[in-house]
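Undergrad: Work out the full structure: start from the sequences and follow the hints.
There are 2 protein chains.
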Amino acid sequence: MRNVSIIGIGQMPVGEHWDLSVRHIAHHAIAAALEEAGTEQVDALFVGNMLSGTLLSQEHLATLIADFSGLRNVEAAKIESACASGASALRVGHMAVASGMHDRVVVCGVEKMTDSTGGSTTAGLATAADAEYEAAHGVTFVGLNALIMRRYMYEFDAPIDAFAGFSINAHRNGAHNANAMFQKPISLETYLQAPMIASPINMMDSSPVCDGAAAVVLAPTEQAQQYTTGHHPGKVEILASASANDTIALHDRKDPLFLEAAYVSSQQAYVQSGVTPADVDFFELHDAFTIMSALSLEATGYARRGEGWHLAADEAISPDGRIPLCTLGGLKSRGHPVGATGVYQVVEAVQQLRGEAGPAQIPNATIGMTQNIGGSGATIVTHILGG
Amino acid sequence: MRNVSIIGIGQMPVGEHWDLSVRHIAHHAIAAALEEAGTEQVDALFVGNMLSGTLLSQEHLATLIADFSGLRNVEAAKIESACASGASALRVGHMAVASGMHDRVVVCGVEKMTDSTGGSTTAGLATAADAEYEAAHGVTFVGLNALIMRRYMYEFDAPIDAFAGFSINAHRNGAHNANAMFQKPISLETYLQAPMIASPINMMDSSPVCDGAAAVVLAPTEQAQQYTTGHHPGKVEILASASANDTIALHDRKDPLFLEAAYVSSQQAYVQSGVTPADVDFFELHDAFTIMSALSLEATGYARRGEGWHLAADEAISPDGRIPLCTLGGLKSRGHPVGATGVYQVVEAVQQLRGEAGPAQIPNATIGMTQNIGGSGATIVTHILGG
Chain A
4 MRNVSIIGIG QMPVGEHWDL SVRHIAHHAI AAALEEAGTE QVDALFVGNM LSGTLLSQEH
64 LATLIADFSG LRNVEAAKIE SACASGASAL RVGHMAVASG MHDRVVVCGV EKMTDSTGGS
124 TTAGLATAAD AEYEAAHGVT FVGLNALIMR RYMYEFDAPI DAFAGFSINA HRNGAHNANA
184 MFQKPISLET YLQAPMIASP INMMDSSPVC DGAAAVVLAP TEQAQQYTTG HHPGKVEILA
244 SASANDTIAL HDRKDPLFLE AAYVSSQQAY VQSGVTPADV DFFELHDAFT IMSALSLEAT
304 GYARRGEGWH LAADEAISPD GRIPLCTLGG LKSRGHPVGA TGVYQVVEAV QQLRGEAGPA
364 QIPNATIGMT QNIGGSGATI VTHILGG
Chain B
4 MRNVSIIGIG QMPVGEHWDL SVRHIAHHAI AAALEEAGTE QVDALFVGNM LSGTLLSQEH
64 LATLIADFSG LRNVEAAKIE SACASGASAL RVGHMAVASG MHDRVVVCGV EKMTDSTGGS
124 TTAGLATAAD AEYEAAHGVT FVGLNALIMR RYMYEFDAPI DAFAGFSINA HRNGAHNANA
184 MFQKPISLET YLQAPMIASP INMMDSSPVC DGAAAVVLAP TEQAQQYTTG HHPGKVEILA
244 SASANDTIAL HDRKDPLFLE AAYVSSQQAY VQSGVTPADV DFFELHDAFT IMSALSLEAT
304 GYARRGEGWH LAADEAISPD GRIPLCTLGG LKSRGHPVGA TGVYQVVEAV QQLRGEAGPA
364 QIPNATIGMT QNIGGSGATI VTHILGG
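Chains A and B, in that order, are what the protein sequence lines are. Just add 3 to wherever you are in the first sequence, counting from 1, and you've got the working numbering. Just add 3 to wherever you are in the second sequence, counting from 1, and you've got the working numbering.
Simulated from the structure, these hints should not be mistaken for laboratory data. Here a beta-carbon is modelled for each residue, glycine too, at the ideal position from N, C-alpha and C. Keep in mind that the hints are not guaranteed to be accurate.
[What the hints assert, rightly or not] Here are some of the chain B residues that sit facing chain A, going by a computed Cβ distance under 7 angstroms:
hint	residue
1	Ala-79
2	Met-104
3	Ser-246
4	Thr-250
TA: Written out as structure tokens, the structure reads:
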């Protein structure tokens, strides 16, 4: 298996892009990544996307985007695993290069959630759950996460403001990210006064509906140097890549408060890379809802069961803390264009590892971890990157 | 890159399965393939599917199916490239095993087209085209193919019955396939009297809307023998796997009568395998519409431009002809559950290469080729298998 490096990154500012189509925002990210990598042609494009069929009446999305981006005679395929589509696409790109099948691959995560040819975004997001046994009863995706959060608060005596620190940290960090949807810090008061969406999840526990695209160019590590331009040395290597699943329906889980797929995929990633949680300089986790931050930390080895929220309370997650989270805003502040998120996390990890994160820079960052979650925890993909 | 073999196959009879859900038909194929491979556990499931989001309000499909099939702590992802989703998923499984990332992988193609939570199947199929520049004008997927067929007839002086032989051959072969949707031969008269769908495409030029699932289990060739049971020796190897794209919109093609992506992917496959068209014992091509058979033959090296239809007229495509096509019924007779088709083609090729095709057996078949087409030719995936 060949080692794989990231030789170029690109991203579209996250927001509501009413004037652009899904192909435009994807192309923006791809063109930026290719320019940085110093190449115009690749062997394949893998696109992470969840909702183009449901919301935009557009399947065959990867070929559409390859065409619009001027990539001809290449392989193109869309990879879908709900909100984990981005990192799943990166895994496919990684295997394509690692296997020797391809030498240069672009992976693009893209989602256009503000437009729709018919269905609502809420109904679209519910397609991540079990359509016949969960969504058919009317539960939304926020509703499922609210059930988890309520149970967590009951089980572990967590107060209503237990999760505030995750949101405050994300917004404080996102304020330094020009590509973030929300670039304003929030206070504890703002959090406590936020409108309730699905109790106990309020507006500040929840990531926004938005549009975005991010892209990376991959090459074998042994060839990486030749592709990259002087000021962006191709030094960021994928040290580990793992994906695991769990039951799709929340009600089928042995323990709905333990993210088994996060545990399995992170353990595999630690073994692959030889890295331990103590070696990780920052962690881009999947804070689609604040409860997911606590559960990820617990399943991934950073906190004991029921104590993930303590890390938010005691500032361990801030940029100068023990395990900095969501260093460029995370899903909460940068935004969560669902199929794109897994690639944004990796792009931001590369920014940190290159020392290009500006005021949000984690000092001396050499090992970064990303984790992308699909559904209420049914698909979880973990990557570890080294600078 | 490790060599990859197919160590188990499974399939659901194609038809209208009103009493079964998408998870049931996928599970049927997966369970059969795993049983044949003599294993209960794998490392990953890759699902080829196009329409689960649009028709069934179910994304996150691979994880749903993995869960229902008892595959836990594995990687699961859906691969989508319109009607080429099945072969695209096989490519991902191939790269996963070739890279060394996984040792045992299931690839399942599945489509449930008879059910819908809302949209029509015709609208769903149109998502393979460019939603903003083709489908928005009201053209259906059959309509696009009708434009190609009409142009071909004009350009190459092909009469209205030029394509009848493709349909007659498919139905004659499918009559021997217990998993085919239609198991009756048809006559030239039946073809000529068939109702018109989108002139000049009639009912007998066109593959049916249906449900189906097919699955293969992959392992490194060097380990294949250990997994397989005595009467199904793991001898079928993937000799070549290639995918190429073209413009998604028909109106953007330099020449709408030449399948450039078929040319590119088949040339790559010939180079990878060292096989030439003359070495191929049978060809499972993508006869979604009869015109596509002619175009595939021409782009892939079996006929000159404008002469693909001659092969149907002179019986070269029959089981004892020069290049037998659609030996177990093809898309026309076996059926075309869109995202499943690419895997059915490969499963049938394995049946032939093992000598298990019954009355449809091609004598001494040792090299088989499959070709799966997405959209009106925008994504084309070619595989060559050796027995």
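Undergrad: It remains to establish, for every hint, whether it holds in the given structure.
TA: We went through each hint and held it up to the structure:
1. Ala-79: holds, 5 angstroms
2. Met-104: OK, holds: Met-104 of chain B within 7 angstroms of chain A, min 5 angstroms.
3. Ser-246: Hint holds; Ser-246 of chain B Cβ to chain A Cβ min 4 angstroms, cut 7 angstroms.
4. Thr-250: Holds, about 5 angstroms.
Of the numbered hints listed earlier, not one is contradicted by the structure.
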